[in-house]
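Required output: the full structure, derived from the provided sequences and hints.
Mapping the sequence shown onto my numbering, position 80 (from 1) lands on 80, and the numbers just tick up by one.
Bear in mind the hints are in silico, worked out from the structure with no lab data behind them.
Quantities reported herein were computed from a predicted structural model and do not represent experimental measurements.
There may be inaccurate statements among the hints.
FRET-style restraints, in silico, Cβ to Cβ [claimed, not checked]: (1) Asn-289 with His-155: 33 to 43 Å; (2) Lys-274 with Leu-51: 49 to 59 Å; (3) Val-239 with Lys-82: 52 to 62 Å; (4) Val-175 with Thr-261: 20 to 30 Å; (5) Gly-317 with Phe-229: 22 to 32 Å; (6) Pro-238 with Asp-66: 50 to 60 Å; (7) Val-77 with Tyr-217: 56 to 66 Å; (8) Ile-266 with Tyr-131: 49 to 59 Å.
The beta-carbon is built from N, C-alpha and C at its ideal position, and this holds for glycine as well.
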Amino acid sequence: MANEIPIRNIYYMLSYVYDVLKEGDNVHLSNEEFDNIYDLFGKILVNGLNLLIKRGFNREYICVSDELPVLRGKIAVNDTLKRQSFILGKLSCEYDELSPNVLFNQIIKASIITLINYKELDKQIKEQLIYINRYFQEIEVIRLQKSHFSRIRYHRNNRFYKLIIDICELIYDEVLVASQKGETIFKDFIRDNRMAALYEKFILNFYKKELSSILVYSPIFQWEKDADFEHIGESFLPVMRTDIVLQNEKRQLIIDAKYYTNALQIRNVGETKKLISGNLYQIYTYINNSTFIGEKAGMLIYPVVDTELDFVYSIQGKKIYVKTLNLNTRWENIYGRLKEIAAGI
Numbered sequence: 001m002a003n004e005i006p007i008r009n010i011y012y013m014l015s016y017v018y019d020v021l022k023e024g025d026n027v028h029l030s031n032e033e034f035d036n037i038y039d040l041f042g043k044i045l046v047n048g049l050n051l052l053i054k055r056g057f058n059r060e061y062i063c064v065s066d067e068l069p070v071l072r073g074k075i076a077v078n079d080t081l082k083r084q085s086f087i088l089g090k091l092s093c094e095y096d097e098l099s100p101n102v103l104f105n106q107i108i109k110a111s112i113i114t115l116i117n118y119k120e121l122d123k124q125i126k127e128q129l130i131y132i133n134r135y136f137q138e139i140e141v142i143r144l145q146k147s148h149f150s151r152i153r154y155h156r157n158n159r160f161y162k163l164i165i166d167i168c169e170l171i172y173d174e175v176l177v178a179s180q181k182g183e184t185i186f187k188d189f190i191r192d193n194r195m196a197a198l199y200e201k202f203i204l205n206f207y208k209k210e211l212s213s214i215l216v217y218s219p220i221f222q223w224e225k226d227a228d229f230e231h232i233g234e235s236f237l238p239v240m241r242t243d244i245v246l247q248n249e250k251r252q253l254i255i256d257a258k259y260y261t262n263a264l265q266i267r268n269v270g271e272t273k274k275l276i277s278g279n280l281y282q283i284y285t286y287i288n289n290s291t292f293i294g295e296k297a298g299m300l301i302y303p304v305v306d307t308e309l310d311f312v313y314s315i316q317g318k319k320i321y322v323k324t325l326n327l328n329t330r331w332e333n334i335y336g337r338l339k340e341i342a343a344g345i
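Here is the structure:
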């Protein structure tokens, strides 16, 4: 199951989540073999950064303070008097300079260094990153924080950075600890929450791309609250944020992608395995609170563990499907299974 997902399939999943992987001027790695997910991240960075270097770094105006023999920008009067720069025939000046030493490139440099310090990284990829890092000599080394990524703003002239920054954020989220020797240690990407988020976004974006005649979206459903009642603590109600909704004029299918190690559980010794009750309650609540007028159904999609599941129930006239998706198989089988799951809509 999940701990045996071929790296190639993770590449395809990333391709749908970060659609820029499919662009002609970016990376195509589906035919390459990787020993671990970080080799894949490293290779994506290598290919993306080689293109970035050819295109040119994003530059922004930054304020520079310097002592100069001629006036540039404006005089920093207090600094000039404090340092007595005028005795040496200089002025403390402040001026704006177009520089590549900006947050985009600082994030990338920090991520390159993180991967270089990863002992398990493929030797060739590491050498390529070391070579690329020479182009970042002007870039300040920062101690990367999660807040740095939220400060990034994209526009038409820097959108080509998006894939690279997204990969850098994935790398940042996976760093477990950096030892005193500078060696990087990563979490287990395939077992942690990042893979669960990737699984959900992959299925959503797969259907957005592959189902052109069907509305594919991820709405928030509102609780069907009684209008004539004064609700106390209304703000504490949980948000019903759906994973995937497939919809046409007549039918709506609400899908919840559950990246669990097991879709079936044993609650008490001696009992047979049962579906996880909370997941069924959740999808049933989504159906009941959907305002769609036509036929409504729900579906839980788990990755395959021991056996494949293909269940269907009708509860109070509403169908609920439970299906599995085998990620440890050829990509063509994954593609076909997802199309088969959506065929009924």
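Quick rundown of the hints versus the structure:
Between Asn-289 and His-155 the CB atoms are about 38 Å apart, so this pair conforms to the stated range of 33 to 43 Å. Judged by the Cβ atoms, the range 49 to 59 Å given for Lys-274 and Leu-51 holds: they are separated by roughly 51 Å. For the pair Val-239 and Lys-82, the supplied restraint of 52 to 62 Å holds, since their beta-carbon distance comes to about 55 Å. For the pair Val-175 and Thr-261, the supplied restraint of 20 to 30 Å holds, since their beta-carbon distance comes to about 23 Å.
The supplied range of 22 to 32 Å is met by Gly-317 and Phe-229, whose beta-carbon atoms lie about 26 Å from each other. Roughly 55 Å separates the CB atoms of Pro-238 and Asp-66, a value that falls within the hinted 50 to 60 Å. A beta carbon spacing of about 58 Å between Val-77 and Tyr-217 agrees with the range 56 to 66 Å that was offered as a hint. Roughly 53 Å separates the CB atoms of Ile-266 and Tyr-131, a value that falls within the hinted 49 to 59 Å.
Violated hints are absent here; each numbered hint is respected by the structure.
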